[in-house]
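Put chain B on the given structure of chain A with help from the hints.
So the sequences go chain by chain: A and B.
In this text, residue positions in the first sequence follow this note's numbering: the first is 1, and each later residue adds one.
In this text, residue positions in the second sequence follow this note's numbering: the first is 1, and each later residue adds one.
Don't read these hints as lab results, they were simulated from the structure.
Check before you lean on any hint, since a few could be wrong.
Covered stretches of chain A, going by a simulated chain B footprint (3 or more residues, C-beta under 8 Å) [stated by the list, open to error]:
1) 8 to 22
2) 56 to 65
3) 253 to 263
Small disclaimer: the values here were computed from a predicted structure and weren't measured.
Here a beta-carbon is modelled for each residue, glycine too, at the ideal position from N, C-alpha and C.
2 protein chains.
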Amino acid sequence: MEQVSAVRSHGGTQGVYTHHSRVTGTPMTFAVFVPDHAPGERLPVLWYLSGLTCTHANVMEKGEYRAACAEHKVIFIAPDTSPRGEDVPNVDEYDLGQGAGFYVDATQAPWSANFRMRSYIENELPDLIAREFPAADMTRQGITGHSMGGHGALTIALRNPGRFRSVSAFAPIASTLNCPWGEKALSGYLGPDRDGWREYVACALIEDGGRLPRLLVDQGTADPFLAEQLRTDLLQNACDAAGMTATIRLQEGYDHSYFFISTFMAEHVVWHAASLHGAP
Amino acid sequence: MEQVSAVRSHGGTQGVYTHHSRVTGTPMTFAVFVPDHAPGERLPVLWYLSGLTCTHANVMEKGEYRAACAEHKVIFIAPDTSPRGEDVPNVDEYDLGQGAGFYVDATQAPWSANFRMRSYIENELPDLIAREFPAADMTRQGITGHSMGGHGALTIALRNPGRFRSVSAFAPIASTLNCPWGEKALSGYLGPDRDGWREYVACALIEDGGRLPRLLVDQGTADPFLAEQLRTDLLQNACDAAGMTATIRLQEGYDHSYFFISTFMAEHVVWHAASLHGAP
Chain A
1 MEQVSAVRSH GGTQGVYTHH SRVTGTPMTF AVFVPDHAPG ERLPVLWYLS
51 GLTCTHANVM EKGEYRAACA EHKVIFIAPD TSPRGEDVPN VDEYDLGQGA
101 GFYVDATQAP WSANFRMRSY IENELPDLIA REFPAADMTR QGITGHSMGG
151 HGALTIALRN PGRFRSVSAF APIASTLNCP WGEKALSGYL GPDRDGWREY
201 VACALIEDGG RLPRLLVDQG TADPFLAEQL RTDLLQNACD AAGMTATIRL
251 QEGYDHSYFF ISTFMAEHVV WHAASLHGAP
Chain B
1 MEQVSAVRSH GGTQGVYTHH SRVTGTPMTF AVFVPDHAPG ERLPVLWYLS
51 GLTCTHANVM EKGEYRAACA EHKVIFIAPD TSPRGEDVPN VDEYDLGQGA
101 GFYVDATQAP WSANFRMRSY IENELPDLIA REFPAADMTR QGITGHSMGG
151 HGALTIALRN PGRFRSVSAF APIASTLNCP WGEKALSGYL GPDRDGWREY
201 VACALIEDGG RLPRLLVDQG TADPFLAEQL RTDLLQNACD AAGMTATIRL
251 QEGYDHSYFF ISTFMAEHVV WHAASLHGAP
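Chain A extracted, bound-state conformation:
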């Protein structure tokens, strides 16, 4: 792992790091904010998975998480959304290929060689964090994300019961089985057999018995993607049908941008911190 930059901000260190990923076969870049802490003190970790087109940098610059993370002593990790590079397959579209990994392990050519963001986020990067950031207490993790990354947070948490004490999302895709973004991406990465998609579909994982300990979702009512792509109603229905407690809030007039995310970021950090600093 190589440190690209480390800057003092909000009483902590905002770093950017790169490493060669074994699972994607490419260099991968990610951002980590570590609040100031006592020598030997260990802090819980909050993962943030970004949405389509984003890198680690969007939330790092616009997410407004550092003040709350510093106050509540939470390490904030922002990975990239896909492998990248000239040798990595791509198409000239914003919702497939580079910047659009959808947090799946692709099975279809040409994607399968590099697009293994599930394994990267579930295994390789947490192992790296545990090795390289001694302050990170990996027994206390929360996860959140935005849009495609909100769906990523939901699916990763649903497939890994017990790993995350708290799960939240900003304007997540509810079901990749039921929206054009999901149908396009999963067709590309996983092929036409939709039964094989279910482990990458938040609502399907809930229908199939997956449970989350705590779930908080914020969704703007002026989000242009709400009706066709995000379908918060499907997530609410799945939680209701499963008897799973969830706090799903419609935020009047907010859109899909970081102007929305940054508004509710501190609340999410505080909400996660309550679980992460409480009893297990």
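Frame of chain A, contents of chain B only:
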């Protein structure tokens, strides 16, 4: 004036606007955040002048001012740093020409036709704000800024006694007479007669009797521009020699970026709000 965008954020509206400027002879773009307020309620105004290379967008995206402005009911205005456009003079340098207006009225060709940021910020834009934003109470104004814009805030406030109740700056240039950035820009815009520069030199205006009601400055100790360009020591000396009260804080380990600015932005907003909401 035309609205480019208006987005709900942090319990207010973050807008971007454009208009044809009479004084620069070009279209000019600026950002205004207006917190939610009661019908007929009027809110004080905080100006933020940006630094070299910036537009209105840098602080709008990275400045983290909206939460504090919404809580303390302060309108936040972020102008551009120069006229821009294909027909506007420019050089291929970051510290002269477009993006580097230095808040002066240029007297030298080719700059004098368009580079009149002093008149734009002191007169034209406030008049436009007063006309177009009925919630803006122009009897209650504060001003701040970063680097070149911090110097702009100081000089504009020093030249206009009584206009601003509170003045602050992030890593301001202290004296354009005593740094390479200032010498280059003022030589270009104003010509070689350095006596004519003094109305555009913060320390000189203080030496010449200018006073500020309240001054707060934050400066990072790891700022790479501190020793050669910013010279906070000169500002401290000028304030001391003039017997002018100033709170000039050195912030250990912070640099010149928005990671620094955003860390202290809320404190500045609260500090301005105390003056802006108090008795005149």
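Here's how the hints hold up against the structure:
With a threshold of 8 Å between beta carbons, the proposed coverage of the stretch 8 to 22 of chain A by chain B holds, since 5 of its residues qualify and at least three are required. For a cut-off of 8 Å, the count of residues in the stretch 56 to 65 of chain A with a CB near a CB of chain B stands at 3, and the three-residue condition holds. Check result for the stretch 253 to 263 of chain A against chain B: holds, 9 residues qualifying (beta carbon to beta carbon below 8 Å, three or more required).
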